[in-house]
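Visitor: Hints in hand, dock the two standalone chains.
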Amino acid sequence: MNLAQIILIDGIAYAGWLFLVAIGLTLVFGVLRLINIAHGGFYAIGAYVAAYAIGASVDAGFSTGVQLLLAFGGAVLVGGLLGLVLERTVLVRLYDHPEVLVLFATYALFLMLEDITKLVFGGASLYAFQPRNAFGMVDLGPLAYPVYDVLTVAIAVIVALGTWFVLNRTRTGKCVIAVVHDREMSASMGVNVAAIMTGTFVVGTMLGAFAGAVTAPKIAVNPGIGVEVIVLAFAVIVIGGLGSIGGAVVGALVVGLARALATHLFPDLAVFAVYAVMALVLAIRPYGLFARPIARKI
Amino acid sequence: MKNRLIDPTILAVAAGAIALSFAYPAMPGWVTFLLQIAIAASLPALGCMILLRAGLLSFGQGFFYFVGAYALALLYQHFGITDAFLGIVVGAVVSAVFAGLLGFFIARYRGIFFAMLTLAITMVAYGIAVKMDLFGRSDGLNVGRLTYLGFSPSREQSGFALFLLCVWIWAVFGVLTHLYLRSRFGKLISAIEDNETRIEYLGWSVKKAVHINYMVAAVLGSAGGALVAASAHYADPSLSYWTTSGEFVFIVLISGQANVLSPLFGSVFLELMRTYATAYFPDEWQLILGGVMLVIILFLPSGLGHLFVLGRRVLLNRQSPSQTGPRS
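Residue numbers (my numbering), protein chains in the order written: chain Z, 1 to 298; chain E, 1 to 328.
In case anyone wonders, no lab produced these hints; they're calculated from the structure. Keep in mind that the hints are not guaranteed to be accurate.
Residues of chain E clear of chain Z, computed beta-carbon distances all greater than 12 Å [what the hints assert, rightly or not]:
hint, residue
1, 17
2, 18
3, 28
4, 81
5, 100
6, 134
7, 156
8, 183
9, 187
10, 188
11, 203
12, 234
13, 250
14, 287
15, 302
16, 309
Among the chain Z residues that face chain E by a calculated CB cut under 7 Å, a handful are [claimed, not checked]:
hint, residue
17, 97
18, 101
19, 267
20, 271
21, 272
22, 275
Built from N, CA and C at the ideal position, the CB exists for glycine as well.
One chain only, chain E, in its complex shape (with noise of 0.2 Å):
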């Protein structure tokens, strides 16, 4: 067995994250503030491809982007806590225990049921939010300047200290992810996809690694969250509208399921045309999404990742032409 942790993916989120961290002071603000959204954006996405992998589709990921933003936010308006890694732990803990009690009810349904499941829990608590004082009803709830474990960054350092904070939160959950992908209960996972009942047959339980899936999920989205609600600096309802969820697997469908790099591409990717398609044509964003979707899925289905995987090919081919090159 080869070394575990000397991995092509985890050497290159390593080197990514230590890159950024020193290319800080040479970006400009809107691109780091990109970044740091995308970034927050890529963890339910992620949670989203692990779901997809199984052949399970979400449309609820943003109910734990939500939980995980609102605890930052609560935590921040009502408790006065400002330690940014223990907004993080409660959102993660809070999220793990709904998805772990949801996951009793959820994880028996598959196909649209559970997509239409997973919806209903987020506008129900987007219902919630939009009517409840304690969460700031539709305006939302602000979030200030974070500490670090005691750590209290000035105002001239906040910004380098968040978007560290957003890339090795992200470092280290990609990771994790990553390890937990190449184990062997997560090989079950696209297993699920392919034949329940020969699984079951192996002697697992479908429904209880669905549900820890779904629980796995939930922690990734409620990371991102507490990453969006930290760079944005508030937290408010839409999080937990159906269609933040629904962004979530248009970033998988984008980038394709390959490694858990890819949602984060996917994700860049979506943001950069959201600056740059808000900035010169803004009544017509959602015409320029669609289109966008529509050809990638019409051309590209397994993404934009897939042009790696043809890149290679052509590669290949050029070196040794005999061997799957046409001949006439």
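Next comes chain Z alone, as it looks inside the complex (with noise of 0.2 Å):
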């Protein structure tokens, strides 16, 4: 009974940190089309720049919630700001480009990123433990587990209700949904796709900075984390449903109690666990869990 208790904490904390990561991506793909293979630069960036954040703040002397806005709000801005120049720059030329191309263009980009994340912060481990460790312990049934931890599904929470609010409840959300569902149908319903296209990918990359911000506290930040978390991030899209956020939810949900399961039960299959969960998935609805299957065109 114990260890089933355990298995379903470690499996919620780890969903709540899958799904903080795959938001963006799934947003992304929903609005854009595209694979965003440039989140894990981003995702690195907001780590880099939170960590940086946290240590300047540890020696100026600011307390635990200064030195975590402070590395929040960074790495939001700085994924925003970038986001929006790679979106005018580079992207905005791309749109009419098959998938692979786009695909591989921001493969490109995670590429330039993280030898740039690299020039800028150095290659050395960057550590920021300092407000998880000020956060203390906190009993959870049989295991003592970080409140940071424990936040950190509280923020993924709160990020899925705020999504799922602006989306379904804002003017400018309704928007979004009408690009997704018919682009063209809606820019005749005067609805500005470009500027749609253009904020949905800067909030993206904005969520993808912050999944970076509320990991670096918890681990070392290194060169190369954007890229273990980007097959991640995809396998949970995948297995929710391309573009969805509720699928986005699931999908973290089972990637996330499959490897708490897989860590605990049988730690040499860690590894695979997510990959045959996705494999199972697709086995059984090939188009992930909450997308609807395309018609055929002939």
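Guide: Structure (structure tokens):
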């Protein structure tokens, strides 16, 4: 019984993190119809900016709240600005290109972002454990858990609810949904499609950088964190159904729980859990859990 | 019908292979090594090209690269079999069997789902190879001096023998692939991208065609893997990491998909770039690679091979300006 609880807690904590990483990716896919590999780069940049900000504010003697505020704010700002620049200069020229080329253009951006991050922040690992340690531990049933990790899940829930609210209860959100469904029709109804696309991409990169910033206090921030994350985030949104926010929630939960289950019961298989679950889901639902099948054209 | 063997591509492959074989003594060591690695990488890229022509993006060619390399290395390390040709054949058979089995599942998927599942396969292999002693864990396995159908070259000859192996294995696979792509079944490949439903109305099975092309790509990938293991003298799990597979697709994007020779050009271009970039800008290699990739995608979306087309167009225009040249 105890083990089941531990697996559940671990799985949910991991799922919260996975959702934060994947939400920007699925949002961008939904609106722009492009698979943004550069998302991993924005994640890494967010993590670096956050680690740097936390390091600097610890030196300056700021309190934990200010540390996190600076870290998150800085990461989101840098991620958003960079996203805006890249969308306006590069991606905007690519929207008519075939899917594969756009995918590889974002892969190229990812490679460049990785090296630029390394050039700016250096190749050494950055550590920013202070805020996480400051929050201390909390007893969750059988085990003591870092409060920060619980907060991560709370943040994920807030982000999910916020995204849902913006998409479904605001005018802008409804325009976004209209663009997702039919780009040309929305344009003819007076929706500024280009602005919606740019905006969504910027929000997506902000979310990517934010995910990195939230993660920074939990890990050693070093070059290469982006590569690992991107595959996981893809698995999550493929399982959930590309472009679906609800799918990203379910996908994150499925992957999170599968991974926690594997880590505790079959540690050797933990690496494969993500891929096994993805193959299984796709075997049953070829387009992911929450995606509408696409009609075949004759 | 023209004689099928007199074909510019086949002639070019044969002439190139003969020329390279004779040019070996004149080439410095780093050039022959670069060529060997480029030749090895171009075979899985050729497989990617076939799949891309069908509109399928594979992020898993690295898996078959890995199988080919480890077939050679495992035979060498654990069975004491040093024959290069046997290693290549075993790798190809094992790859074909893997692809044949996985294909039943994979062939149903298109687009990003095909990409993700192929990626999953290659990453699972990577995970296994890193953990198992049989595969030498993350250090990989060494491959020593190979023999060729009973002929065992001396230390001085072995470099030349290896070079000949790479060149002629490529020539054989290149010509076979060219004949395959020119055949009726090969012509079906680009039709898969255009419109699957129409193919089915014509009485072909798209699923079967994808399955078979996946196997063809697998065999090409494993041959490349054997060559890279023989050339680099080791095989390590990173061959199966998804970024390796990404590189193969990138090679095809550099070169374009016009011809079986295209991936070879792309591969040589990539290796040259890697050699110079790592020599002069060791820390910014990815930045340069990404930058070149982006420039090619933005300004030459059909690949560098398109330069040939543009060049020919310019030449033709000069000869007969009345046809297409702008008139004021």
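Visitor: Does the claim that residue 156/E lies off the interface hold, with its Cβ farther than 12 Å from every Cβ of chain Z?
Guide: 40 Å, holds
Visitor: Does the interface hint hold: is residue 267/Z within less than 7 Å of chain E, judged Cβ to Cβ?
Guide: 11 Å, violated
Visitor: Take a quick look at residue 234/E and tell me if its Cβ sits farther than 12 Å from every Cβ on chain Z, holds or violated.
Guide: 22 Å, holds
Visitor: Any Cβ of chain Z at or closer than 12 Å to residue 203/E, or is the non-interface label fine?
Guide: 16 Å, holds
Visitor: Quick one: work out the minimum CB distance from residue 17/E to chain Z and report holds if it exceeds 12 Å, violated otherwise.
Guide: 30 Å, holds
Visitor: Mind verifying the non-interface call on residue 250/E? Its CB should be farther than 12 Å from each CB in chain Z.
Guide: 7 Å, violated
Visitor: Report holds if the minimum CB distance from residue 309/E to chain Z is greater than 12 Å, and violated otherwise.
Guide: Non-interface label stands for residue 309/E: nearest chain Z Cβ at 17 Å, farther than 12 Å.
Visitor: Minimum Cβ separation between residue 81/E and chain Z greater than 12 Å?
Guide: Label holds. Min Cβ-Cβ 30 Å, cutoff 12 Å.
Visitor: Given residue 271/Z as an interface hint, is the shortest Cβ-Cβ distance to chain E below 7 Å?
Guide: 4 Å, holds
Visitor: So, as I understand it, the hint says residue 97/Z touches chain E; can you test that by seeing if any CB pair is closer than 7 Å?
Guide: Since chain E brings a Cβ to about 6 Å from residue 97/Z, closer than 7 Å, the hint holds.
Visitor: Checking a non-interface call: every C-beta of chain Z should be farther than 12 Å from the C-beta of residue 183/E. Is that right?
Guide: 25 Å, holds
Visitor: Run the C-beta distances from residue 287/E to all of chain Z and say if the shortest one exceeds 12 Å.
Guide: Not fine: 4 Å to the nearest Cβ puts residue 287/E too close to chain Z.
The structure fails to meet hints 13, 14, 15, 19 from the earlier list, while all remaining hints are met.
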